[in-house]
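Participant: Chains as they are written, first to last, in numbering that gives the first Met the number 0: chain A, 0 to 319; chain F, 0 to 284; chain D, 0 to 427.
Treat the hints with caution; some may be incorrect.
Claimed, not checked - Computed list of lysine to aspartate or glutamate pairs in DMTMM-like fashion (alpha-carbon distance at most 25 Å, straight line):
1. Lys257/D to Asp356/D
2. Lys311/D to Glu33/D
3. Lys283/D to Asp146/F
4. Lys228/D to Glu399/D
5. Lys333/D to Glu73/F
6. Lys352/D to Asp274/D
7. Lys73/A to Glu73/F
8. Lys309/D to Asp146/F
9. Lys283/A to Glu195/D
10. Lys73/A to Glu102/D
11. Lys328/D to Glu56/D
None of these hints come from the bench; they were simulated from the model.
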Amino acid sequence: MENGQVEISTCPFFAMSVYRDKRKVKSSKFKQSESILLVLFLLPTFFFIVIAQFYPLLYSVYISFTKWSLVKWKPIGFIGLFNYQQVLQDTLFKHAAKISLLFACIATPVELIIGFLLAYMVIGERKIIRITRSILIIPMTIAPVAVGTMWRMLLNTRAGLVNYLLQGIGITGPNWLATPLTAFLSILMVDIWQWTPFAMIIFVAALSSLPPDLFSAAQIDGASRWQILRYIISPLIAPITILVILFRFIDSILVIDIIYTTTYGGPGFSTNVITFHIYKQALKYFNVTYAAAASWILQIFCLSVAIVLLAYSGKLQEKF
Amino acid sequence: MKKIYPKEKGWGSVFSLIRAIVIILGTSAVLLPFIYLFLNSIKPEFEFLSIPPRLLPSRIVMKYYSSLLTPESETLSFLYNSLIVTSATTILAVLAGALAGYSLSHFRFSSKIIAIAVFSILLVRFYPKITTIIPYFILMKKFHLLDTLVSIIIAHVSITLPFVVLLMMSFFRDIPRSVEESAKLDGCNVWQVFCKIALPLSTPGLATSAVLTAIISWNEFLIASSLASVNAKTLPIAVSAFITDKGILWGPMSAMTASIVVPIVLFTLLLQKYLVRGLTLGAIK
Amino acid sequence: MGKKISRKLLSIVISVVFLAVIVMPGIALSQQREITATYMAAGTYDVVAKELVPEFERLTGIKVKIAAFPWAILREKNMTDLITGTGNYDAMCGSYYLAKVYELFSSLDEYIARDNYGTGMISGLMEKCQRYKRHQIGVPYGSDAYSLLYRTDLLEKAGLGIPRTWEAIIGAAGKMDALYEKEGIDGYVFSAGAIEQLPTLLFAKYNGTFITADNKYYLEPKEGVQAIKKAQQLFKYTPPGVLGLSIDEANAVFLQGKAAIIECWPSFIRAAANDPARSNIVGKWAVLLYPEVGFPWLSMWEMFISTYSKDKDAAWEWINFYTREKNAKYFFTKYGIGSVYTSTYKDPELLKKYGHDFPGILANLRRAKNPPLTGEAQDFMASTISQVLVGELTPEKAVENINVKWATLEVPEPMIEMAEATGLKAKR
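Kindly generate the complete structure, drawing on both the sequences and the hints.
Facilitator: Here's what the structure looks like:
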């Protein structure tokens, strides 16, 4: 690493920004035969991704343009964008999209802020700090299905721990999973509980990788903690922050396990997020063409968001 | 030890106080649900839903755990399956990913091709896996791999590979050219450079990939449930089995959830230092 | 150098063994007849199926693999196996929600005729089984009908006679709710938090049809609105938090004596309600017959044979064995599975224990029907009713929304046939 240069881009996790890396691609003097070997290195990955991902993806694109017979399992005819049209006109789809967007737009900043605060607090190598860090990571390692069922028990109006504790401080807890607003808050809570550690661990990594010389210099200049935070740390971790936003935003749009085990889309349609809606269409009602078209609409949306955010993150990095 | 906290008079103790409060709140928020889960798993049958609610069990009942150990519950075979799937996925994903990462970090690609590679990896990462289940099912049917662990392993590797490739790609980039050049001057070919120089120097990256891959594979539910019938069931499927059309069987489910949670938590606690180290090593030289 | 080779060799051997261990289960070794049957993993149907496998194998030499799945996954697995023509499952458990793919089930008519199947079953049940183009494709093994259960002591103390109309039931619930308020007893309880259960609130109050003469899903507005309104009235007397109650939670409320009337699946509650160790209401409850409006919701598990099965005869042998009359009493006593045979309900031993509710249960079963709705239609109605209960919609708007959505849905042929057979399709 070059002297004095802060290279957050080398922070391995954020290799996503690699394509923006202005450093020259390694021009190693590998011979022709070695180049062939390097291509062979790519084969296993190629094999896995093509077979298990690309083939099904293309298959589902194919289905999305047809009228499909469930019983014969083959297309009856090609109907172009009709399925897409149908999906976009479906009020349930639009409603589900709204819920998902609302969910993602609330969950992401909350996780970001709390995650950063926690990260700021748990940097260091002292034993207690390390143990705390280990404990705080736990939620994101548990199966979402298990998290969902656990929280369903926690949020039980009478027998659940949450209301029990609230009562302990004199508040009568609401019927969490029984009213639209509180059900929505519940799934937010569960998502935040499970994934804030993700934001935290990334920020811990980012903060830990900042060179100490910067701070010594700032301290000598008499900067306060708050000033350091605002003028030095924030700009430096901005690119990573964007990436955390990207991952959490899209992953919270794709959330499904939690919904499935806690509210099952209800009450009413208040927690009927888009992925859950697609799940029901695909694997409960077996409206395969609808599901395929809806998935691709969702995919296009997520990709656009990803590209925009990645570009922005890359731009921020260029400043350094 | 990174000192990003400047020494300030007066503020130091306030900060420590805030830090202590945050730590206590944070760890409670994480640990309390598990404690509650554990308490639920040892309660006698009708005490979950008693009116008024009881937090502590009136007596300790171990039957839910012991029923997990009986051959009928098949929990041990689920555990066995999960272990095989997760280990195989981790080994394969890390190996294949390291190879691909090395290749991509050395090839003289134009940034356009790298953009395509990144793009296709994004494509795979951000797609709702639901609609790919049936085509994948059909594919596995053609290869007579339904209800086998192999089909689940292949699927799991394919969803974890993208991340591993990107991570390792970045680690390999950070290896100074000089080290590799001198190895080649000593007569090593590409494979030897890879094995003897690149891999050892990027162990934190390998460890991080392994941990994150293992977590994803161990917890994965949708794909595993669609492929398994009798022989290939994994633990997450077992948890969802307690959500019946009649309601939830709280006791067995608590015990099962507690049992699933413990191994992965232990695993993470043991290896958590790699998560941070692996993520930061790129900058610490 | 030698060390390197032997190390490489070792790693190859290990990998081969590793792969073999994983792939081995996939290799079929046996020559004997073997079938796979799917069941719901509920600790009842699947457990008793596994219990019966050894005896069956002894009698017929056919090996049976039981594939048990949680509720939602069972449906997914059955459907996927059928539509992809996989044929891994020979005998499948399911119900009317598989209507889209009835074409892919084998007709059981010949087997039924050959083995004189169905003798001793509750009258009318075989007729309610699933059919494709008039061929019977499913045979029943577990039946239950939504029922109202009530507290005999509370009703008597309130000086009320047994209510026979919905207005009377609502009135009784209201009176008891007010009368026993101090004791914390509510008039009515229902698992409104289990959204998939909500349609029952309409079925037993709705005297109309579900399919129009030109084969479209349609809920008659006037009937639909009054049915939903009645449900709303009943919900005035429910415990707080009723909208979050799951089935076992609602049952617990009744079992602990905190509700005067419950609308539930009796098979889930019956055993506990007669057991002093598990409830406070032993001897104090009875079945309240539904008024003669609409129909009680029938839950009938049926077994089907996949058209892709490689050994349909073996599949039928198993089905015949599993569902035979001899097993019914054992299924019932040990696992609470609702029997489809009248003999169970006449058995002296059982009558002693359950006598007081058998007549009511049977009466409800006889009137019970499967609605001719697809999963999507039913779910949408359920969620919309949920919206009414939560206060988001009026009953009128709810029925309107339902009909707008239902108009976009395809009605499978078998559902049309079923509706015609059960009087749930409009004549003009």
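Participant: Where does the structure disagree with the numbered hints, that is, which hint numbers, in rising order?
Facilitator: Violated hints (numbers, rising): 3 and 7; every other hint is consistent with the structure.
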